[in-house]
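Colleague: Chains as they are written, first to last, in the numbering used here: chain A, 1 to 98; chain B, 1 to 98; chain C, 1 to 98; chain D, 1 to 98.
Don't read these hints as lab results, they were simulated from the structure.
A quick note: this is a predicted structure, and the numbers were derived from the prediction, not measured.
Please note: incorrect hints may appear among the correct ones.
Said to hold, decoys possible - If you anchor each label on the Cβ, the simulated ranges turn out as follows:
id : chain 1 : residue 1 : chain 2 : residue 2 : range
1  : A       : R92       : B       : E95       : 43 to 49 Å
2  : A       : S93       : D       : S93       : 25 to 31 Å
3  : D       : M1        : B       : R92       : 28 to 34 Å
4  : C       : E61       : A       : G15       : 17 to 23 Å
5  : A       : M66       : B       : Q85       : 19 to 25 Å
6  : C       : E31       : D       : V62       : 30 to 36 Å
7  : B       : Q85       : C       : T96       : 29 to 35 Å
8  : A       : T86       : D       : R30       : 23 to 29 Å
9  : C       : E31       : B       : R37       : 25 to 31 Å
10 : D       : G33       : C       : G67       : 28 to 34 Å
11 : C       : M66       : A       : S35       : 38 to 44 Å
C-beta atoms are modelled at their ideal positions from N, C-alpha and C, and glycine is treated no differently.
Number of protein chains: 4
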Amino acid sequence: MKVIADLSVVPIGVGVSLSKYIAACERVLREAGLSIRLHGYGTNIEGEWDEVFAAIRRCHEVVHEMGAPRISTTLRLGTRTDRSQTIDEKVRSVETKL
Amino acid sequence: MKVIADLSVVPIGVGVSLSKYIAACERVLREAGLSIRLHGYGTNIEGEWDEVFAAIRRCHEVVHEMGAPRISTTLRLGTRTDRSQTIDEKVRSVETKL
Amino acid sequence: MKVIADLSVVPIGVGVSLSKYIAACERVLREAGLSIRLHGYGTNIEGEWDEVFAAIRRCHEVVHEMGAPRISTTLRLGTRTDRSQTIDEKVRSVETKL
Amino acid sequence: MKVIADLSVVPIGVGVSLSKYIAACERVLREAGLSIRLHGYGTNIEGEWDEVFAAIRRCHEVVHEMGAPRISTTLRLGTRTDRSQTIDEKVRSVETKL
Numbered sequence: 001m002k003v004i005a006d007l008s009v010v011p012i013g014v015g016v017s018l019s020k021y022i023a024a025c026e027r028v029l030r031e032a033g034l035s036i037r038l039h040g041y042g043t044n045i046e047g048e049w050d051e052v053f054a055a056i057r058r059c060h061e062v063v064h065e066m067g068a069p070r071i072s073t074t075l076r077l078g079t080r081t082d083r084s085q086t087i088d089e090k091v092r093s094v095e096t097k098l
Numbered sequence: 001m002k003v004i005a006d007l008s009v010v011p012i013g014v015g016v017s018l019s020k021y022i023a024a025c026e027r028v029l030r031e032a033g034l035s036i037r038l039h040g041y042g043t044n045i046e047g048e049w050d051e052v053f054a055a056i057r058r059c060h061e062v063v064h065e066m067g068a069p070r071i072s073t074t075l076r077l078g079t080r081t082d083r084s085q086t087i088d089e090k091v092r093s094v095e096t097k098l
Numbered sequence: 001m002k003v004i005a006d007l008s009v010v011p012i013g014v015g016v017s018l019s020k021y022i023a024a025c026e027r028v029l030r031e032a033g034l035s036i037r038l039h040g041y042g043t044n045i046e047g048e049w050d051e052v053f054a055a056i057r058r059c060h061e062v063v064h065e066m067g068a069p070r071i072s073t074t075l076r077l078g079t080r081t082d083r084s085q086t087i088d089e090k091v092r093s094v095e096t097k098l
Numbered sequence: 001m002k003v004i005a006d007l008s009v010v011p012i013g014v015g016v017s018l019s020k021y022i023a024a025c026e027r028v029l030r031e032a033g034l035s036i037r038l039h040g041y042g043t044n045i046e047g048e049w050d051e052v053f054a055a056i057r058r059c060h061e062v063v064h065e066m067g068a069p070r071i072s073t074t075l076r077l078g079t080r081t082d083r084s085q086t087i088d089e090k091v092r093s094v095e096t097k098l
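One chain only, chain A, in its complex shape:
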């Protein structure tokens, strides 16, 4: 099952500068071979369900290893059985109607 996800990871207990933790998480997602797209409040991820969730778990592990005692993550998850659609196709589908 393919999934398009949108991930926003918030490390808690490490002060207000979070970008190094977010960058570490991005590297985990890239190393997992996932198709990703960073934006201003999270990251779009496209891939097989199990691969996406294994990478998100690894992301939590890495951010804890970096010293964050607590993490609060939000995820949006889209699956569909009617047809396949990539992140780029989703964006274009809206842009052509603007």
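Please build the complex by placing chains B, C and D on the supplied structure of chain A, with the hints as guidance.
Modeller: Positioned in the frame of chain A, the structure of chains B, C and D alone reads:
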């Protein structure tokens, strides 16, 4: 790794009455032996990371099998390494300060 | 326009104990006269759109005044024009199908 | 109070093709003069709190007027008092650490 999650599943393309799909998803979570708590805009889930995510995947599969061609889910995910905390403890921790 | 919302406020830069900030936010929502329901990963809120959002803004202001330099909040928002539905009705609608 | 938001609007009860509703919402945000950035699972929005929320309310109204009887929206909301930061600065702050 333990996780406290909050799951809200929105089936798309099946009209406006969504409760039978949500109920099917609740049954999946219960059958997985997870500790859950239904509320007005989702369900709190407490358990081991891999068990929680296997159940959420199964929930998507079941809702698709019921006829929903598309699903958009939102998840909040909390993990912590400083101490363990249950859903009930989280709620009490706020209530005692009201 | 009526809205049913689900609010989760995460203060950043104040350590790992967040419950006193969450409790302050709960008091703001109550004082605004909104119908609310605390759960393990947020709070259900029911009310008129403008009243709900004025209270959420006030909640951010109060948490900043308490010393949190940064806040990351997640919200789910449901509106409908086909019929009115309360939080309790939403929960019962699922529970009767379990 | 400035806010950086991330908005994902899901119209319910209008089938599986949602892009025309999302595009209508984008136009509302642009016409409100807000700085926005469309991505694969939502839209980053930057602006003054009250202007951002007036536009999101207008977006719900327009999508209902287009025929959607029900809408389920998710929002992430970031405010900070320590310094100001734009969407582009947030993205660059992560990218320079990759």
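Colleague: Each hint needs a verdict: does it hold in this structure or not?
Modeller: We went through each hint and held it up to the structure:
1. At about 48 Å, the beta-carbon gap between R92/A and E95/B stays in the expected band of 43 to 49 Å.
2. The hinted range of 25 to 31 Å is satisfied by S93/A and S93/D, whose Cβ atoms lie roughly 30 Å apart.
3. Checking the proposed 28 to 34 Å range against M1/D and R92/B shows it holds: the Cβ atoms sit about 31 Å from each other.
4. In this structure, E61/C and G15/A meet the distance hint of 17 to 23 Å, their C-beta atoms being roughly 22 Å apart.
5. The supplied range of 19 to 25 Å is met by M66/A and Q85/B, whose beta-carbon atoms lie about 21 Å from each other.
6. Between E31/C and V62/D the Cβ separation comes to about 32 Å, which falls inside the hinted range of 30 to 36 Å.
7. At about 32 Å, the beta-carbon gap between Q85/B and T96/C stays in the expected band of 29 to 35 Å.
8. For the pair T86/A and R30/D, the supplied restraint of 23 to 29 Å holds, since their beta-carbon distance comes to about 25 Å.
9. Under the hint 25 to 31 Å, the C-beta atoms of E31/C and R37/B, about 26 Å apart, fit the expected range.
10. Taken as a hint, the range 28 to 34 Å holds for the pair G33/D and G67/C, whose Cβ atoms sit roughly 33 Å apart.
11. About 41 Å separates the C-beta atoms of M66/C and S35/A, a value consistent with the hinted range of 38 to 44 Å.
Figure legend: structure checked against the earlier numbered hints; every hint is met.
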